[in-house]
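Take the sequences, apply the hints, and build the full model.
Just so you know, we're using the working numbering here: the sequence shown kicks off at 1 and counts up by one.
I should point out that these hints are in silico values taken from the structure, not numbers from a laboratory. Treat each hint with caution, since some may be false.
Label pairs and their computed distance ranges (CB to CB) [stated by the list, open to error]:
hint	residue 1	residue 2	range
1	Leu-303	Gln-153	22 to 28 angstroms
2	Val-169	Leu-305	30 to 36 angstroms
3	Pro-311	Thr-88	30 to 36 angstroms
4	Val-169	Ser-74	42 to 48 angstroms
5	Asp-151	Trp-230	43 to 49 angstroms
Glycine residues also receive a C-beta, built at the ideal position from the N, C-alpha and C atoms.
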Amino acid sequence: MPRVSSSTTALLCLLLLSAPAPADDGPADDGKEPLVAGSLEVRVQNPLWLIFPRLGAAPIDLPPAGRGEVAWRSDYSSFFRVDERQGTDLASLDGEIWRNTFAARVGLGRDLALWVEVPILYGTGGFLDHLVEEYHETFGFDQEGRDENPDDQFAFLLIHDRRLAFELVEDATEPGDVSVGIDWRLPERGRSGPAVTLRAAVELPSGDESRGFGSGEVEAGLGVTVHRSWTRYRLTGSLARQLQRTPEAFERAAVETRHNWVADLVLERGFGRNLALVVQWGYEQSPLLGAALPASDDSSGTLTLGGAWRPAPRWRIDFAFLEDIDGETTQDFTGHFAVRRSF
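Okay, here's the thing in structure tokens:
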């Protein structure tokens, strides 16, 4: 499939501005309004990229002052991609990643909300290689060498010019870099205007850089989210620019980083008050430049199928399956599950 460029995604976001006027969707805290899923909070789980921020779409509805939400998100991913060049450069993505994120959001009033996210990462050789090989064989997908290597091995690392730039330790559970951000919903310009939310965030160097859990640097991101609704259908587009810095180990190995673009486009359909299904396309430009290996430097396109279910007032459960559609930096798949509780 052709790669989704940042200019194409920006154009899709602009096209949202010409769509019909949005419906008046109110907050769903009391369970009386239709559930609005918005963008599912998924991303490429490549550990080489997880040390950098990925600013997704802002929620459609921000909580009023003093109210908010706490959430637990869990993502389990399987990888296999190994690139080597002339015995001097190696990018290996082989193993399974389990990433849990604990998040909180609180309304500040005046259409502002403050949020914080704390990720916990675990890497392992796992147990899914044989099942993934059978899945690829059944549907005629390229094994890309997976079936020629031992199952359930672990190696997430990047070597450039024979120097180690990155390595994630195996069978360790540690926190990553903490993100803190703010969302600001712009005043709507009558019923003909779109719902537009601006967001900004910083990522703090709380993860251990030497063990592969953080970058050791402060990074930032700026983004915009545009939302439209029609009865049971909703469309959300987001575009963000992320300001990345180069970790010390990357500098020593002459691996460069760059400020990168990320984008999401979400089509959602509501089913009654308590269920919404989502199709979501994601684009993430690689934050790395210097290694020039596909497993580290390719930009990524992903497709996510999932939804949200409200089992009771103030509670919400998200579920999704993410598949790569372009790029060699992306996991074979990710299973996503989240539980949210508003207050």
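Hint-by-hint comparison with the structure:
Hint check: Leu-303 to Gln-153, Cβ distance near 27 angstroms, so the stated range 22 to 28 angstroms holds. For Val-169 and Leu-305, the hinted distance range of 30 to 36 angstroms is satisfied, since their beta carbons lie about 32 angstroms from each other. In this structure the hint that Pro-311 and Thr-88 lie 30 to 36 angstroms apart at CB is violated, the actual value being about 54 angstroms. A hinted range of 42 to 48 angstroms for the beta carbons of Val-169 and Ser-74 is inconsistent with their spacing of about 20 angstroms.
The given range of 43 to 49 angstroms is respected by Asp-151 and Trp-230, whose C-beta atoms sit roughly 47 angstroms from each other.
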